[in-house]
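With the sequences and hints as input, model every part of the structure.
From first to last, the protein sequence lines stand for chains A and B. For the first sequence, the positions run 43 to 251 when this note's numbering is used. For the second sequence, the positions run 16 to 400 when this note's numbering is used.
Accuracy of the hints is not assured; some may be wrong.
List of simulated lysine to any residue pairs, SDA-like, C-alpha gap at most 20 angstroms [claimed, not checked]:
#	chain 1	residue 1	chain 2	residue 2
1	B	K202	A	F216
2	B	K202	A	F134
3	A	K136	B	R201
4	B	K202	A	V131
5	B	K327	A	D221
6	B	K202	A	M219
7	B	K202	A	R218
8	B	K290	A	F134
Chain B regions said to be covered by chain A (calculated; three or more residues, Cβ under 8 angstroms) [stated by the list, open to error]:
#	segment
9	77-86
10	216-225
Honestly, the hints are just simulated from the structure, not real lab data. Ideal Cβ placement from N, Cα and C applies to all residues, glycine included.
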Amino acid sequence: MHGFLLGLANGTSCLALCAPVLIPFLLSEGDNVRQNLVTLAKFLGGRLLGYLLFGLLAWAVGGLLLAAGGYQALLIGGTYVGLSLLLLVAAFRKKKPAHGACVLSDAQVRFRRWPALIPLGMGLMAGLKVCPPLLLAFTGAASSGTLGGSLLLFATFFLGTTLYFLPLPLLGAFTRMPDLRIVGRFAAVIVALYYLGSGILLLAGGVQL
Amino acid sequence: MTAQALTREDAPRMATWKALLLALPIIPVAASPVMSALSSGDLLAIIPGFAISILLIVVFFRMLVTGRTHRYRSALFISLAIAVPLHLIPQLFELYGTNMLTPEMTYAAKARFCPMTVGAVLLPAVLKGVVVFPGVIAEGVVWFFMWIGASLVIGRGWCSWGCVFGGWDEFFSRLRKKPVIKHVDRKWRFLPFAILLAIVLLSAITFHPIYCEWLCPFKVVSEFEAPTSLATTIALVIFPLTFLGLVVALPLLTKKRIQCALWCPFGALQSFFNKINIFELRIDLDKCSQCKRCLRECPTFSLDEGSLVSGKALMSCTRCGQCVDACPKGAMSYHIKGTRISVSPNTARLLFLYPAYILFCGFGAVVVSDAVWRVLRLITTGSMI
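Okay, here's the thing in structure tokens:
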């Protein structure tokens, strides 16, 4: 319950932190509401994975990670660079039509489907971004002492924050405006460049933009 | 004479007495420079103040008499843009001894609030109740209401009548007779909307005015953050590059206002106001000969092939009046939504000109007058401050 309430209280911050990535991505894909729900589910799946990794880390190293400031900068810088690269791939790739797959081998088909994993990857990176709400959850999990308690806290924290993400697939209602895809792609590139610059500077020497 | 045969040259000019009468309401606003100068008591300020006031009244009168909008507006608009650094930078030197403000100075609310940040500050202000632009908040509130009021009345007309910076790329876009780059891909028209979306989202998470800190070309002609870190040093390299690229080079090569049309997020925000205000630019399809001169002349890519079918300009139209002046058939006109296209375009133009000109005088008149005063001061005393 503590994790859920913590997530609920800080969910707007989590949404604000993920929105610059998620909104341009959803717009650039130009999908309808149902397809956006699938994309959001993948993104949230990635986030959950990231949170559970944090839960594992909190149980394993306790408060040590919080004390080591340098690692935080490296982790944030790394996730920023990862996020920016995924966004750039999403912005520049051309969506292939579904037909014609029958002439490809299974391996080729599987390879061609890899872009479907982009939202999962972005969710994972977003989940690993060390932000103030996550640090609060980390502190709570580290003090729980058990692996189960730590994972449960992060899972419930995830549930609490997820409620705020649910309206986002409604962006699919604007599929009749194809120009929004162009706006989404440009915005994804701009956000990606911002994160790339921030990430490189953080990795280089802990400079925050 | 039929409507089809009526050419721009044949268009009726307004009678002098009527134009004089209609110019009267402008006098109180146009008089602001001379009133401001008189209150200072400085003879060196009274002369330019008086001259600017007279000039503003004469220009409006000429707009009415000749039926031409763009050429007069453009001259005033460019003058304002050139006047802004002459007015602002010496003022900053008077106050702080520099136009490079440190973060401490900006966060101590010593920076002037910039109207171009309105789009970026709205979301954080709504979500968190914090105005992320570190300017004088009271000034920001005044700006906000002036911006809302003006935008509701003239929509994106703001970008050709009220913006204090747009005259720079208008100036460079008018220097060459013919463009070197004649085709710009349609997709670039969406870049300002993308920049707007990105900076609104990023400003909401970072609580920093991202556009001002990284992308604004006009930092070159106003104030900017002192280079106290690697990040601010990088920004200092970006500002002149964006200015030279978007405000100087590309307008020279394309004869278009590239910064306004393909970059400015504030302009993108203003475009939405075009949807909800009463004025628009219309093409009378009965008069139009499909010569496409308006498409070539429009400085902001706001007319396309579709416009020649629908008879409407795109939502990015800045109501500069260039297409209206250029149309050889008089088919382009200012128009009030909901009225028939053929009904009294001159009345619609007049009703648009009043608020637009008042906006220009409100923002620009005192700035231009002060800039002229500072130049005179430089000549007579050797110092602008």
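So, going through the hints one by one against the coordinates:
{"no.": "1", "hint": "B:K202 to A:F216", "verdict": "holds (18 angstroms)"}
{"no.": "2", "hint": "B:K202 to A:F134", "verdict": "holds (14 angstroms)"}
{"no.": "3", "hint": "A:K136 to B:R201", "verdict": "holds (18 angstroms)"}
{"no.": "4", "hint": "B:K202 to A:V131", "verdict": "holds (19 angstroms)"}
{"no.": "5", "hint": "B:K327 to A:D221", "verdict": "holds (18 angstroms)"}
{"no.": "6", "hint": "B:K202 to A:M219", "verdict": "holds (14 angstroms)"}
{"no.": "7", "hint": "B:K202 to A:R218", "verdict": "holds (17 angstroms)"}
{"no.": "8", "hint": "B:K290 to A:F134", "verdict": "violated (31 angstroms)"}
{"no.": "9", "hint": "77-86", "verdict": "violated (count 0)"}
{"no.": "10", "hint": "216-225", "verdict": "holds (count 6)"}
In summary, the structure is inconsistent with hints 8, 9 from the numbered list given earlier, while agreeing with the others.
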